[in-house]
Amino acid sequence: MSTSSSLPFEEFRGEIAKAYPSKVGKKRMKSMIQATPREPREIQANVRTVPGIISQRGCTYAGCKGVVLGPTRDIVNITHGPIGCGFYSWLTRRNQTRPETPESENYMTYCFSTDMQDEHIVFGGETRLKEAIQEAYDLFHPKAIAVFSTCPVGLIGDDVHAVAREMKAKFGDCNVFGFSCEGYKGVSQSAGHHIANNQIFKHVVGTEDEAPEGEFRVNLLGEYNIGGDAFEIEELFEACGITLVSTFSGNSTVSHFARAHHADLNLVMCHRSINYLAEMMETKYGIPWMKVNFIGAAATAKALRKVGEYFGDEALKAKIEKVVAGKLTETQEYAAEVRKRTQGKTAMLFVGGSRAHHYQELFKELGMKTIAAGYEFGHRDDYEGRTVIPDITIDADTRNIEELKVERDPELYRERKTEAELEALKAKGLEIADYEGMIPDMDPEAFVIDDVSHYELEKLMEHYKPDLICAGIKEKYAVQKWGVPLKQLHNYDYGGPYAAFGGARNFYEEIDRMVGSKLWDMVTPPWLRPLEPRPVEIV
Amino acid sequence: MKTTDTSNNVPANETVATAPVRPLKISKPGRAPVTHNACTVCLPLGVSLAFRGVENAVVVLHGSQGCATYIRRYLISHFKEPVDIASSSFTEASAVFGGAQNLKTAIDNVRISYTPAIIAVGTTCLADTIGEDVSMIVREYIKEHEGEGDLPLFVPLPIPNSRGTHIDGLHQACRAAVEYLSLGPEDSFQAPAELPLADATTPVGIFPGLVSPADIRYLKELVQDCGLRPVVLPDLSETMEGGLWDQYEPIPKGGTAPAEFAALRDALGTVEFSTTVHKDSSAAELLHERLGIPLLRAPLPVGISATDRLIGTLLDWSGNEISQKHQQERDRLIDAYADGHKYLSGLRVAVFGEEDLVLGLSGFLNEVGMELVIAGTGGRTS
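Here the protein sequences line up with chains Z and S, keeping their order.
Using this note's numbering, you'd call the opening residue of the first sequence number 1 and step up by one each time.
Using this note's numbering, you'd call the opening residue of the second sequence number 540 and step up by one each time.
If you are wondering where the hints come from, they were derived from the structure by calculation, not from laboratory data.
Even for Gly, the Cβ is constructed at its ideal location relative to N, Cα and C.
Accuracy of the hints is not assured; some may be wrong.
[As the list claims (entries may be wrong)] Here are some chain Z residues the structure puts well away from chain S; computed CB gaps all over 12 Å: (1) Thr49; (2) Asp74; (3) Val76; (4) Phe112; (5) Leu155; (6) Glu208; (7) Glu314; (8) Glu436; (9) Met461; (10) Leu528.
[Unchecked claim] Some chain Z residues near chain S, calculated using beta-carbon distances under 7 Å: (11) Pro8; (12) Phe9; (13) Cys59; (14) Tyr88; (15) Arg98; (16) Pro99; (17) Thr101; (18) Ser104; (19) Glu105; (20) Tyr107; (21) Ala132; (22) Tyr137; (23) Gly312; (24) Pro485.
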């Protein structure tokens, strides 16, 4: 390992870029900055990956089908395309769900595809798609069927929306809607999130009148119930007397979405994947939204208190304090125990559009330092905060995705809070319709990098020698080949939950196990180790 | 699937097909409009895996970056090893106007980051649908970079994705690798490697299809013990199951080496564990057609009969006796069959998976007295 960790940021960045052709190097340099808050510097994000550079990003279809719509259990999701795309996005273990009864609908363990063949590419696949929708309807009689377009569909001109409309009219009791989420459409899966938000807003939200009972009604947006996170949060809300109308989309049903307009507050976890829906619901129904984070014990307490503050009800606040008092101390005591072993260790996080930020909270609680972080599909606002949104360059890829024109609903709009009330809440530190991004929360020395490539990750490891890396399956084994443990934060290595208080405890335990493992010390056998004088034991 | 005699007296150079003894009802594939819970993945996965077993090779998939990412995600989770696959990362504009420039940029960047000896260029549905000709783009690239000393060998794989499964992709990629790296393509613009044999033992080609790295290590040992030199394609034995690194390996060590590709030309025979893959997709058939190399195409050797046929053929070719080690192993297996029979006899089993795996397992299940009640594959062979 040649690089010294004392190399200043600028030089180190230059060294990373040096290995690329100069044009590529210059482009990549713009995606790497230091997290110095006093010198606001622009990070390049959400731009196309250079062909041939191994990125961890997925496609538009992956973001639409796999991330946003996948975790809803009673929608039959049909992939219109060749078999691969449907198979790869088969959600068998990652997102959890709890049907009300064992007989209740749950299609998440199924994978449906039109399995397009040559003849459909040549002569069009609409007929086959209609047959597929009909067959799914006949087999399951689901409440909703969603159709996801893959690359060839857009190119051969199959109109999935027209087919969906026709079938919906034909069935009468099944909501059928389509997504033009062809893989090539956007820079990353982020484009797919936006497309999913639009269609769910257009076709589902606000379609059921029945309002759920409850005094303090909220929606939780951008929580996908990986490893059972949503269950933890649901439990917490229940204990506090907060009514969860719907979660987009962990442990959700299509009816939850349809009734979401009855909530009085939208809580946004993953800002990147779902802020569109939060904004549109605010315009149409008058529901304010607030950024929260339930990852980390202190962050969870903070988020709950913010909800109490928003509703301004003393009984609710007292109930929240009671729940927090019981759980926070207990969790912090456990963290203190683990911290004896984790204090001073270092971590790097390269994941998602919010997790690279949220999980820094948990590491802080363990006394661990985040020395580098970056998103896979974040935008500038996820790094620098929403204040930069007006300055973000709108490129062809962004223009490609429909911006819905949303207006106030004449019947369903209801003002929850006046402008003045919202301003007062903001003054109290509530992130109302705002997100400050990852950078302000980071150590000023930390390295921030967007869409880290395989090669760059290797350079960062060589330079910083971290004790732990958090990323996904695509990085996992390459990192562990170096003897550095990698915790997957996309699917939690099928562990978890890590949200809220109970989740935080699980995470401390997991990190304790991973950074304390003796396995990596055994890599070098004794015959390859330099000779050490050994005490001679005489029996 | 036709039912044939599964006896051991099959001529070595004949394509052999076996099926479970009880004729199964075969439903016509591709009929159901909605396919649920498929047993197959897409063709580029097979292509990518095949070249993961070729020494110093990198795959570039021409199309949307999601294809490379999904395939990586899937292969990495399965093998628990790093797998790099590059992509030409189509934009909407490339989808409309063609992605040749993207592919060339991708090749440039792969050459810089990996300095590979071989670049295999596969296609995806997107590239197929808009009619991209990867062979032509590769030819253009070679022309544009003529004379550059570090220019790798290219294997273009213009295989339409909507015409097969991952297994078809794997076999067709192996055939293309043999064509380009052993024989030289008919419209040769790249000469195959001319390398002397490092090992004097007579080579035998093994095209195992989709088996595990441990299977491949065992097959190599078996062929060696029969007095022959195994040339396995794809050779995933080290590339997809390795230990820790002391220095970064952009491309993991191992895989079928250039000298081994050259050795295939002098092979005594080839064994391909597939009876379902079409003749035009078979590497063994290609060597047979072009060089008259005898071949054995058989289902995956699971169980006594199928393994007997494999070992019998290898011994026929080498003229050697079976080693005591393998004879003893066979004896122990028969013994285990007898011991296990009372537990297994008559149990009803469903098997699903790749066609040749299903055939191989069916043969084995039949041997141990289990009753195969349903066999499912996602392939189109009938």
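Now the hints, each set against the structure:
| no. | hint | in the structure |
| --- | --- | --- |
| 1 | Thr49 | 5 Å, violated |
| 2 | Asp74 | 16 Å, holds |
| 3 | Val76 | 9 Å, violated |
| 4 | Phe112 | 5 Å, violated |
| 5 | Leu155 | 5 Å, violated |
| 6 | Glu208 | 27 Å, holds |
| 7 | Glu314 | 49 Å, holds |
| 8 | Glu436 | 30 Å, holds |
| 9 | Met461 | 9 Å, violated |
| 10 | Leu528 | 10 Å, violated |
| 11 | Pro8 | 23 Å, violated |
| 12 | Phe9 | 22 Å, violated |
| 13 | Cys59 | 2 Å, holds |
| 14 | Tyr88 | 4 Å, holds |
| 15 | Arg98 | 22 Å, violated |
| 16 | Pro99 | 19 Å, violated |
| 17 | Thr101 | 23 Å, violated |
| 18 | Ser104 | 19 Å, violated |
| 19 | Glu105 | 15 Å, violated |
| 20 | Tyr107 | 9 Å, violated |
| 21 | Ala132 | 4 Å, holds |
| 22 | Tyr137 | 10 Å, violated |
| 23 | Gly312 | 46 Å, violated |
| 24 | Pro485 | 12 Å, violated |
Checked against the numbered hints above, the structure violates hints 1, 3, 4, 5, 9, 10, 11, 12, 15, 16, 17, 18, 19, 20, 22, 23 and 24; every other hint is satisfied.
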